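From first to last, the protein sequence lines stand for chains G and S. The first sequence lines up with residues 3 to 482 when you count with the numbering used here. The second sequence lines up with residues 24 to 443 when you count with the numbering used here.
Keep in mind that the hints are not guaranteed to be accurate.
[Stated by the list, open to error] Heads up, incomplete: computed chain G residues facing chain S, CB under 8 Å, no partners named:
no.	residue
1	V228
2	D240
3	R309
4	Q347
5	A374
Simulated from the structure, these hints should not be mistaken for laboratory data. Being a predicted model, the structure only gives us computed values, none of them experimental. Even glycine gets a Cβ: it sits at the ideal position worked out from N, Cα and C.
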Amino acid sequence: MPERHQSTTDGERTVTTDGGRPATTDGEPLLRVRDLKKYYGEGSSLFETLLGRESESVKAVDGISFDVHKGETVGLVGESGCGKSTTGETLLRLRDATDGRVEFDGEDVYEMDGDERTEFRRRAQIVFQDPFSSLDPRMTIGEIISEPYRIHGLPEESPDDGRSKREWRIDQAAELLERVGLSANHVERYPHEFSGGQRQRVGIARALALEPEFIVLDEPVSALDVSVQAQVLNLLDDLQEEFGLTYLFIAHDLSVVRHICDRVAVMYLGNIVELGPTDELFDDPQHPYTRALLESVPRAAVSESGRHVEPLAGDVPSPRNPPSGCRFRTRCPQVIPPGDVTLSQEAYREVMDLRDRLERDEFDAEAAWSHADEEADKPGFKSHLREEFFSHELTGDDEAAVEQALEALSNGDTEEAIAILRERFESVCETTRPLLQERTHPAACHLYEQPADAPVDREPVRAHPESGVVGNDETGAEAD
Amino acid sequence: MDEILRVRDLKTRFFTEEGQVNAVESVSFDVRDGEIFGIVGESGSGKSVTALSVIDLIESPGRVTGGEVWYRNADLADEFREKRSEAVDGDFVDLRRLPKGVRRSLRGPSFSMVFQDPMSSLNPSITVGEQIAEAVEVQRRARANPRSTRSRTQGYGLGKYLVDSIVPGREYTSTESKERAIELLEQVGIPDPEARAEEYPHQFSGGMLQRAMIAQALAGEPDILVADEPTTALDVTIQAQILNLLRDLQREQDMSIIMITHDLGVIARMCDRVGVMYAGQIVERGTLGDIFENPVHPYTEGLLGSIPDLEDPSPRLSPIEGNVPSLLDSEMGGRCYFADRCPNAMEACLNSIPEYDTDSGEVVGDGANAEAVHTARCVLATREFDAAEALGDDYFGDRAEASDPETPDDAAEQEVVSDA
Ligand code: SF4
Ligand code: SF4
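Work out the full structure: start from the sequences and follow the hints.
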């Protein structure tokens with residue numbers, strides 16, 4: 003496929019002005035993430051992770067880089083287990099990074115200590131999907147919102163007007179409540195008296211208490227009903243304008259992301275696969291995964307009825323043992339065959355699936371033999387395999403290679419079969435990890451020109467397209 | 024197209040410590056042969072309770088307290104025509120007037136259900152194949168000897184019944200039902216079904232579990248499949264697979280589906296006709312076009328205005344102000360339940376609002392308008408908004424605060440919006 007996007011390669015960003023979106027400003031980014039990695043230990047639950055038992059095993063986040071500029075909203079979007087929430091927490095140092103670098107306003111976040119760290123904790127906040135899950139339900143709303151002041155020892159001096167420090171804090175809380183569209187006299191109430199939408203407003207008020215510049219919004223509206231979700235999204239918009247906030251917006255809902263973000267990064271299995279200005283990314287998605295994602299979203303319109311959707315096959319592979327090369331290759335509808343292979347994509351996928359089964363040691367020769375007439379009925383054995391694996395026609399050298407491989411299998415030589423298939427059909431998508439290009443709208447995919455120094459990545463060779471459950475307990479990351 | 028189900032004036036109450044909760048309030052709708060009827064609403068709207076009420080799965084402290092559920096089944100109608108003439112109308116029987124045992128026996132061959140959480144239907148300690156074989160077995164016995172063994176299907180589809188009362192043992196399923204189970208797994212698109220049948224639920228991914236639950240629900244070849252938020256907990260690419268599967272199965276098996284969801288996108292992709300629920304009522308129902316392009320009820324309009332559009336990022340959403348009302352009987356009062364949030368609320372809205380045919384403006388009842396295609400519980404179906412009659416902004420107190428947010432029905436609704 004030809005290069006569809008030849009945008010400027012200034013390495014930074016373009017300015018979008020349509021859709022009423024704020025133009026990003028020039029200069030250093032407020033947040034700079036470089037090659038961030040977060041691995042969890044084998045079988046580690048969150049609990050074990052907290053105990054510090056980590057070995058390099060589940061690659062929840064595996065080398066991602068992006069910038070967030072002052073005043074903009076960058077979206078981090080992807081499905082369960084893609085690493086988006088882990089990214090948000092790791093870059094705020096709520097979790098230890100395995101590797102990589104995060105700079106906030108030019109300072110290395112992981113090097114900060116003492117006052118610097120306290121200052122960072124003031125300037126960068128996070129709002130979770132359920133802001134109260136970790137809070138004491140016996141605290142009043144006023145206490146919850148003003149807690150950050152207490153933690154940071156504010157106010158330093160008693161106010162001149164005779165109020166106590168506590169009164170000052172509760173008054174601040176009351177003011178914040180009004181900012182987020184609740185009434186000041188709610189300070190005396192308790193969380194259980196509030197609906198989901200109101201609670202999220204309280205969570206936002208609390209995050210605003212220390213006048214931060216940067217807020218990570220981790221699925222802030224995912225648990226809310228649509229009518230309430232819209233209220234909160236509008237509120238976030240207003241607050242951004244009023245206080246000049248910078249947001250990292252983590253979500254799985256693409257419609258919400260399109261609505262609120264200036265730029266969007268799409269994640270899959272711990273990698274960013276595509277990054278770009280929102281409208282460009284949605285109107286002209288480059289990466290096959292982004293395309294499949296957008297295609298999958300049901301639109302709330304009559305035209306959606308009967309729209310043919312070709313869903314991605316299979317499940318997300320386990321981040322314990324992700325596919326080599328492009329992590330999307332086990333599901334990608336456009337895997338790139340070697341130059342001299344002329345198969346249709348469907349036929350190529352079938353060949354790849356057979357090899358994958360063999361490589362994963364999941365091929366059950368006995369079951370295949372049971373379909374043959376007798377022990378020595380090799381033709382019967384092979385024709386059964388053809389029936390089971392191939393519904394598309396193969397020709398020429400491709401056919402010859404497959405025939406050889408089946409012959410090897412019928413002789414019980416799985417390694418030979420794998421070698422034959424690999425020799426003929428090995429894809430650049432499995433040998434070489436695609437990278438994001440240096441441009442405003444890069445896509446990590448071999449369909450697009452790749453940097454010459456893209457790393458060869460043969461290990462681990464085996465892919466697990468349909469192995470088990472992917473997600474929370476496996477990555478050790480919650481709410482991802 | 025003929026109706027397979029006619030629900031009329033259904034009422035379900037929960038009797039809680041705080042008082043009586045009117046979770047479902049005079050709900051009427053039809054489901055036709057081979058269609059997908061959608062029920063859309065937000066948390067606490069009563070959409071799940073409505074479905075559970077239709078198939079008689081409401082548990083204490085809840086109870087269906089009124090209404091009729093007419094199900095077309097000629098055999099049943101013949102069986103009860105003499106014995107209980109009031110429960111029969113042509114080929115239809117009123118499920119609520121049939122003996123409990125008979126109602127229960129319909130779960131599986133007539134009605135079946137899939138839920139948001141597959142683990143509610145699957146026992147973690149039994150292989151997937153075994154559980155589906157068990158469902159097949161139950162249906163097979165039911166068919167062989169309808170009355171005496173049908174009650175074994177009690178709670179069919181509801182996990183805890185399966186676990187409590189009919190935990191299948193190895194000896195309980197026959198080779199035939201195991202083979203059928205593998206067929207069903209294949210039919211729902213589980214690759215390598217023979218091997219997967221031997222696995223336990225925790226070895227399945229979320230999407231695969233959902234498929235397994237659908238296979239289980241299909242074991243009895245139901246006329247009506249109730250799908251309650253079947254894709255809400257799934258990622259969007261997996262959701263697309265499951266929605267396609269449900270569509271295909273519906274066509275192949277010519278069954279009807281009642282699709283319950285909070286997601287208007289899912290409604291648009293899947294459904295032929297749809298009912299919009301708010302505060303226990305269907306406030307508007309009609310075809311996809313009626314609802315999405317020609318909504319009459321301000322709540323429907325509000326919902327549509329709240330969703331960010333994937334194709335067109337309008338700079339500003341227009342949400343519905345305020346919160347869902349309490350459904351406590353003592354607090355409901357005789358007015359339009361949406362009036363406290365409605366931008367068009369008028370004096371006329373302070374009465375109980377019946378369902379109107381939006382075409383004729385006449386009240387939909389048992390009479391001539393019962394079959395109205397596009398109905399709304401709103402005075403705007405009969406007249407224009409008149410600013411002179413509008414209720415003041417503060418009529419219901421400060422709107423943002425007027426409501427008492429957490430209502431007991433939230434629990435009854437048993438729905439959680441995805442956090443995936
Ligand atoms: S690199 Fe290959 S497998 Fe990956 S998305 Fe691109 S075409 Fe598909
Ligand atoms: S009946 Fe009145 S208050 Fe209720 S939705 Fe219609 S216009 Fe609004």
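ask   = If you check each hint against the structure, which ones fail?
value = As far as the earlier hints go, 2, 4, 5 are violated by this structure, in ascending order.
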